[in-house]
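In the order they appear, the protein sequences are chains A and B.
By numbering that gives the first Met the number 0, the letter at position 31 of the first sequence is numbered 30, and the numbering carries on one by one without gaps.
By numbering that gives the first Met the number 0, the letter at position 274 of the second sequence is numbered 273, and the numbering carries on one by one without gaps.
Treat the hints as calculated values from the structure; they're not laboratory data.
Don't take every hint at face value.
[Stated by the list, open to error] Below, simulated DSSO-like cross-link-like pairs (lysine-lysine); rule was C-alpha separation at most 30 Å, straight line:
id, chain 1, residue 1, chain 2, residue 2
1, A, K86, A, K217
2, A, K100, A, K122
3, B, K215, A, K95
4, A, K86, B, K215
5, B, K99, A, K52
[As the list claims (entries may be wrong)] Heads up, incomplete: computed chain A residues facing chain B, CB under 8 Å, no partners named:
id, residue
6, R85
7, L142
8, Q143
No experiment lies behind these values; they were computed from the predicted model shown.
All residues carry an ideal CB built from backbone N, CA and C; glycine is no exception.
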Amino acid sequence: MAALEKQIIRVDGITKTYPPDIVSLFQVSCEIEKGEFVFLTGPSGSGKTTFLKLLFCAERPTSGEIWIDGIALSSVAGAQIPHLRRKVGVVFQDFKLLPTKTIFENVAVSLEVVGLSRDQIEKRVRQVLDAVGLAGKLERYPLQLSGGEQQRVSLARAVVNRPPIILADEPTGNLDTRRADEVMDLMDELNAQGTTIVFATHNERFYTHTYRRVLRIKDGRLAS
Amino acid sequence: MTGVLFRRALSDMKRDWVRQLLTTLVVTLSLLIISLFAFFTHNLRVFVDRFSSELGLVVYLEDGTPPVRVPQLYNTLSRLPGVKSVRYVSPEEAFARLEKELAGEKDVLEGVDPLFLPPSFELYLDRAIFNLDRVREVATEIDGYENVEKVRYGQEWIARLNAFAAAADIVLAGLSVLLPLTAAFVVSTTIQLSVFARKDEIEILGLVGGTGSFIKAPFLVAAVIQGAAGAAAAITFTYLAFLSLRGFLSGTRLFKDVSIVFLPWHVIAALSMASILLCLLMTYLSIQRYARP
Numbered sequence: 000m001a002a003l004e005k006q007i008i009r010v011d012g013i014t015k016t017y018p019p020d021i022v023s024l025f026q027v028s029c030e031i032e033k034g035e036f037v038f039l040t041g042p043s044g045s046g047k048t049t050f051l052k053l054l055f056c057a058e059r060p061t062s063g064e065i066w067i068d069g070i071a072l073s074s075v076a077g078a079q080i081p082h083l084r085r086k087v088g089v090v091f092q093d094f095k096l097l098p099t100k101t102i103f104e105n106v107a108v109s110l111e112v113v114g115l116s117r118d119q120i121e122k123r124v125r126q127v128l129d130a131v132g133l134a135g136k137l138e139r140y141p142l143q144l145s146g147g148e149q150q151r152v153s154l155a156r157a158v159v160n161r162p163p164i165i166l167a168d169e170p171t172g173n174l175d176t177r178r179a180d181e182v183m184d185l186m187d188e189l190n191a192q193g194t195t196i197v198f199a200t201h202n203e204r205f206y207t208h209t210y211r212r213v214l215r216i217k218d219g220r221l222a223s
Numbered sequence: 000m001t002g003v004l005f006r007r008a009l010s011d012m013k014r015d016w017v018r019q020l021l022t023t024l025v026v027t028l029s030l031l032i033i034s035l036f037a038f039f040t041h042n043l044r045v046f047v048d049r050f051s052s053e054l055g056l057v058v059y060l061e062d063g064t065p066p067v068r069v070p071q072l073y074n075t076l077s078r079l080p081g082v083k084s085v086r087y088v089s090p091e092e093a094f095a096r097l098e099k100e101l102a103g104e105k106d107v108l109e110g111v112d113p114l115f116l117p118p119s120f121e122l123y124l125d126r127a128i129f130n131l132d133r134v135r136e137v138a139t140e141i142d143g144y145e146n147v148e149k150v151r152y153g154q155e156w157i158a159r160l161n162a163f164a165a166a167a168d169i170v171l172a173g174l175s176v177l178l179p180l181t182a183a184f185v186v187s188t189t190i191q192l193s194v195f196a197r198k199d200e201i202e203i204l205g206l207v208g209g210t211g212s213f214i215k216a217p218f219l220v221a222a223v224i225q226g227a228a229g230a231a232a233a234i235t236f237t238y239l240a241f242l243s244l245r246g247f248l249s250g251t252r253l254f255k256d257v258s259i260v261f262l263p264w265h266v267i268a269a270l271s272m273a274s275i276l277l278c279l280l281m282t283y284l285s286i287q288r289y290a291r292p
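Using the sequences and the hints given, assemble the complete structure.
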């Protein structure tokens, strides 16, 4: 029972297929504990992104079950998905920022959806942008920033409403070594504060000499 | 909550003002075609109604018809089915009308007996019986009455008006279906493209936990504003067209008695509602495609 309480993500025998008969994930099972930092690795097309998509309900498994913070995702109706997503911050390789909104507005959107007041939004966004080193660029637009800075904005947006889980899908894939290390440092800080992180990457440099758990996916199957 | 919603909608519209303006322009132009068409058909109907009600029968009485016979005939004619009203025109009144029509050339009537014109009845018919066969039937019946010299009616005019009204009805019926459908298609395509251009935004709002109503509401508010603004602009342009057409026609001899009327309020209200509802519906359906959880 205590073990179950410690698990924040539990994946039980999930399979995901796409028509006509493409198997993206097959019988994948794993548990991730609260506050854990897990690397998810594997070659391109191995199923890492699909695995993450299943965790934040962008896709539904063909079979199997996923529990997020004790909630079985198969029981989550479409209208409840937004509420579940507020528990899961997602960082994408392509940042997914809105080019017509300022950096401040891009981050604030995560708080607007939960209905915070203007004052609270202002305070929290400034805090988080300060924490990722972008305090002086609130009024800039994404395209006026470097790739590393854009990824930090994406990270700020994912963490600003303090979700217990962060899913990062190749967040350093488009960055040079220095910028990638900056993002990695921010992830370490978040994890040190108790946030559970699932970090998908095929950059071996990050996990070769790590003490952290590494989940390897190959051809849709979990290898370790 | 409503305040926040309007602020978000207005902020989005301000940020994306070029696309919003173009969409509103397309709505305006599409609706302008419909409202000008409605204006044209409405005036055509008014004209045909007025013209047909003014076309009637003139029943000339024989010379020497006893005065006692006039009220008898008046009553008989008034009771005929389809006759809206009957007016007696005495020889004196007929002469006065002729003098007025001749205006500057009334000298030709000098020395003419003012009672030389026969007395007559003018019959105004209901629009409901306005067809050549029915008018001919009424005329034939009256022609058989005692003391009736002859019955005249605008046989050629009625035939032409009937043919015109029938052709116009077919064309208008076709256009009433075709034009709104075309306008709806153009507006819906424009709105779909406009929403498509913001599909990334819709996707991101969903990924950060935005509910369906949170994502859709500003789009729907913007749709109402676009629909209302497009309708207001189209109706304003139609009104300006009405004013200039009225000014132009009032200066011509041919149309001096033709009065142009603007669209009635219920048509304006229907056009505005249709514009708003179309924008709302198309926006809703377009977002629905991208805002799936």
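A quick look at each hint next to the structure:
Restraint check: the Cα-Cα separation between K86 (chain A) and K217 (chain A) comes to about 28 Å, which is no more than 30 Å; the hinted pair holds. Straight-line distance between C-alpha atoms of K100 (chain A) and K122 (chain A) comes to about 18 Å, which keeps the hinted pair within the 30 Å bound. At most 30 Å may separate the alpha-carbon atoms for a hinted pair to count; K215 (chain B) and K95 (chain A) meet this at roughly 19 Å. Only pairs whose Cα atoms come within 30 Å are accepted, and K86 (chain A) paired with K215 (chain B) is accepted, the gap being roughly 22 Å.
A C-alpha spacing of about 91 Å is found between K99 (chain B) and K52 (chain A), which places the hinted pair above 30 Å, so the restraint is violated. Interface hint status for R85 (chain A): upheld, as the beta-carbon distance to the closest one in chain B is roughly 4 Å, under 8 Å. Among the interface hints, the one on L142 (chain A) is violated; its C-beta lies about 14 Å from the nearest C-beta in chain B, farther than the 8 Å criterion. For Q143 (chain A), the interface hint is violated, the least distance from its beta-carbon to any beta-carbon of chain B being 16 Å, above 8 Å.
Checked against the numbered hints given earlier, the structure breaks hints 5, 7, 8 and satisfies all the rest.
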